[in-house]
Structure formats: structure tokens, C-alpha cells
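Under UniProt numbering, the first residue of the sequence shown carries the number 1, and numbering increases by one thereafter.
Think of the hints as simulated: they come from the structure by calculation, not from any bench.
Among the hints, a few may not be true.
[Said to hold, decoys possible] With a cut-off of at most 25 Å between alpha-carbon atoms, the simulated SDA-like pairs for lysine to any residue come out as follows: (1) K134 x D122; (2) K134 x I105; (3) K134 x E121; (4) K92 x H52; (5) K92 x D106; (6) K92 x D41; (7) K134 x Q37; (8) K134 x T150; (9) K134 x G77; (10) K92 x N75; (11) K134 x N64; (12) K92 x G110; (13) K92 x D122; (14) K92 x T165; (15) K134 x N111.
Treat the numbers as computed from the prediction; the structure is a model and nothing was measured.
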Amino acid sequence: MLKNKTAFTMIEAIMVIVVMGIIAAVAIPRLENDSLQEASDQILSDIRYTQHLALTDDVTNPNNANWQTAFWGINFGTCTGGRPSYSITSDKNYDGASVVGEAAIDQLSGNPIFGNGVACEDSATSQRSFIGDKYGITGLIFAGSCNATTLVGFDRLGRLHVGYTGANNDYATYATALPCTITFTRNDGASFIIQINPETGYAFRTDQPDM
Numbered sequence: 001m002l003k004n005k006t007a008f009t010m011i012e013a014i015m016v017i018v019v020m021g022i023i024a025a026v027a028i029p030r031l032e033n034d035s036l037q038e039a040s041d042q043i044l045s046d047i048r049y050t051q052h053l054a055l056t057d058d059v060t061n062p063n064n065a066n067w068q069t070a071f072w073g074i075n076f077g078t079c080t081g082g083r084p085s086y087s088i089t090s091d092k093n094y095d096g097a098s099v100v101g102e103a104a105i106d107q108l109s110g111n112p113i114f115g116n117g118v119a120c121e122d123s124a125t126s127q128r129s130f131i132g133d134k135y136g137i138t139g140l141i142f143a144g145s146c147n148a149t150t151l152v153g154f155d156r157l158g159r160l161h162v163g164y165t166g167a168n169n170d171y172a173t174y175a176t177a178l179p180c181t182i183t184f185t186r187n188d189g190a191s192f193i194i195q196i197n198p199e200t201g202y203a204f205r206t207d208q209p210d211m
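Hey, can you work out the whole structure from these sequences and the hints?
Put into C-alpha cells, the structure is as follows:
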């Protein structure tokens, strides 16, 4: 009886290992897909947050020819480790430089959303800024109206603007008639594309247009 019981237990153990292997083989790709979805969800959320700030903070100032440089925008760049990040800022003093004191605040952590040009491990900055470290994003490709810039912003009507950092005319408009598309690629080659429409500023993942 003891021998039979021991043999039966070993068979059970082998079966458990086999089943766990099958589950792992199925679950790992799912986890990777979930991570990609989480990355796109966060980036979309912060693009929409940027537009929300523009809608609620009217920076119009006809007395200063550079006022349009103060549009709220999201600028994709890298932290000092060379990995992708982004900052959400409004150039309030019209000097053409984005600094942490002009950054939007992450409502969850209370820290500024400012990942460009700072240490990738900077604990004083919202960790959501560091998409390279957080999600394994390694490359970004800009196309459409933003093919020559990494900064996209919005005016008080929520319209998409590009190329406005050099604004020097009280009445000029930097609104674009073309959508901006950004392709984000992860270290395993998986990718997704986010599109921002011009007139409405609506942002969405191209393979999930209704989300």
C-alpha cells in the first residue's frame, strides 16, 4: 500500500508540473499583452489630461506675442539614462524652456509629470513619466502633423497644435489640419499607435478607436 501511495503521489506531482507549465505558457503572453494595454491606456490618459488642462487654463494673452508658447503640451523625450519618458508642461514665462516648476501634477502621487532630462530613478518626479522603465518602451516614431516634433499641445478649444514653441505673433494659429500619429514600440517588438485628431484633439489607439 505504501509503495502504491508513493507512486501515485509522484504521478500527481508530475501532472501538477505539466499543468502549471501549460498555464504559464498561456498566461505569459497574456501578461505581456496586458502590459502593452496598460502602457497605451496610461499614455492616452495623460494626453487627454493635457487637453483637459488646456481647456480649463486659458493662456490667451494678446499683450504678449509669445503667449501661444504657454499652451499645455505633452513632450516625449528621454530621461538621463536615455530611456523614453515624457513631460506635461505649460511654458508660463514664455522663455522656450520646459522646467519642472511648470509641470502638471500627477493627481495620484502629487509629484510633477516631468520625466525629460532628469534621472530615470528621480523619486521627486511622477514615475508614470518614465515609460521606458515602467513598460519597456524603447522607440517612438512621429508621423503626420507631428513628424518634425515630439511636442504636441492644445489650445483653449482643445484643438491640436504643433510647432508652437516659436510662436511670436499675437494672432497666428498653430493649429494643424492633419492628425498626429505616434508609434510606441516595446523591447520585444510589440507596438501600438496613438492618433490625435486635429480639430477635436481626440486621442485614441488606432486599433481600438472606440476606447
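Structure-based check of all given hints:
At roughly 13 Å between alpha-carbon atoms, K134 and D122 fall within 25 Å of each other, so this suggested pair holds. Among the hinted pairs, K134 with I105 is consistent with the structure: their alpha-carbon atoms are about 18 Å apart, no more than 25 Å. Among the hinted pairs, K134 with E121 is consistent with the structure: their alpha-carbon atoms are about 11 Å apart, no more than 25 Å. Between K92 and H52 the CA atoms are separated by roughly 17 Å; this keeps the pair inside 25 Å, and the hint holds.
Of the supplied pair hints, the one linking K92 and D106 holds, its CA atoms being roughly 19 Å apart against a limit of 25 Å. About 28 Å separates the Cα atoms of K92 and D41, which puts this hinted pair outside 25 Å; it is violated. At roughly 13 Å between alpha-carbon atoms, K134 and Q37 fall within 25 Å of each other, so this suggested pair holds. For the proposed pair K134 and T150, the alpha carbon gap of about 20 Å is at most 25 Å, so the pair holds.
Proposed proximity of K134 and G77 is supported: the alpha carbons are some 15 Å apart, at most 25 Å. Straight-line distance between C-alpha atoms of K92 and N75 comes to about 15 Å, which keeps the hinted pair within the 25 Å bound. About 39 Å separates the Cα atoms of K134 and N64, which puts this hinted pair outside 25 Å; it is violated. For a cut-off of 25 Å, the pair hint linking K92 to G110 stands: about 20 Å separates their Cα positions.
Proposed proximity of K92 and D122 is supported: the alpha carbons are some 24 Å apart, at most 25 Å. Distance check on the hinted pair: K92 and T165 sit about 12 Å apart at the alpha-carbon level, within 25 Å; holds. Distance restraint check for K134 and N111: the Cα-Cα separation of roughly 16 Å lies within the 25 Å cut-off, and the hinted pair is therefore satisfied.
Violated hints, in rising order: 6, 11; the structure is consistent with all others.
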